[in-house]
Amino acid sequence: MRGDLRVRQALVVVLAAVSGATDAIGLLALGGAFTSVMTGNLVLLGAASATADGTLAVASGTAIVAFCLGVAAGTVLAGTPSAGDAVWPVRVTVALAVEGGLLAGYAAGWWMTGADRGTTATLLLLTTTAVALGVQSSTVQRFGVSGLSTTFLTGTLTSIVVRLSTRRPLREVLPSVHVIAGLVAGAAAGAGVMSALPNAAPALQLVMVGGVLLVALARFHRRRPRAAARQSSVDV
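Under the numbering used here, the sequence shown has 209 at position 209, and the numbering climbs by one with no breaks.
In case anyone wonders, no lab produced these hints; they're calculated from the structure.
These figures come from a predicted structure and were not determined experimentally.
For glycine and all other residues, C-beta sits at the position ideal for the given N, C-alpha and C.
Each hint should be verified, as a subset may be incorrect.
[To be verified] Here are the simulated distance ranges between beta carbons:
hint, residue 1, residue 2, range
1, Leu42, Leu197, 28 to 34 Å
2, Thr154, Gly101, 28 to 34 Å
3, Val161, Val43, 19 to 25 Å
4, Ala203, Gly118, 37 to 43 Å
5, Asp116, Ser195, 17 to 23 Å
6, Val145, Val215, 17 to 23 Å
7, Leu217, Ala83, 20 to 26 Å
8, Ser195, Val145, 30 to 36 Å
9, Asp4, Gly118, 45 to 51 Å
10, Thr166, Val145, 17 to 23 Å
11, Gly40, Val145, 23 to 29 Å
12, Arg219, Val184, 22 to 28 Å
13, Val215, Ser82, 20 to 26 Å
14, Thr80, Asp4, 30 to 36 Å
Please put together the full structure from these sequences, using the hints given.
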């Protein structure tokens, strides 16, 4: 069980890195809006309204709506925590596979439109990535771990500082520290790829999400048939 929890934590850190990379790419190449940090988008929307920046208002507003749609879809796909849940429920993998499909569609659009993509194509790519991270955001909530998130991390950072300030054991904050580090590392990787080889940017996201899915399938789902076979032999 502890091994499964450690693997789950590592996969959650990778998902946080996906969020960081996608946000960085969105800021640099998709209209200057965030794809998962909705607090930032709300601020951008307010600032754009005050400065009459229509382009930024449309980008940030579109990202907010798309993210909310993704959250709703992820909730339907992954479900909500319930008694008897496995460490990594099958529906979590299903929802993350949908996220991977959305990112694959975004990647295809990125490569088809090229660097000189117009406003409409940019908004479509932003919308797709925001929906994908909305799906991821609500999917992670299926684990039922208080404070666990791969997208909205202001609360996570606050929790770390509060616990350190009250001299709680370091082991209580390390998982949250790892998630924040994953987000920052992902953002750095996304920005680095955009600077050095922008055409490869979607590959970064696809590799990370694909890796999470492969590990989840290998670690949490392959053992079930064997367990069922053992149970059948016992019943006989």
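| said: If you test the structure against every hint from before, which numbers come out violated? | reply: Result: hints 4, 14 break, sorted rising.
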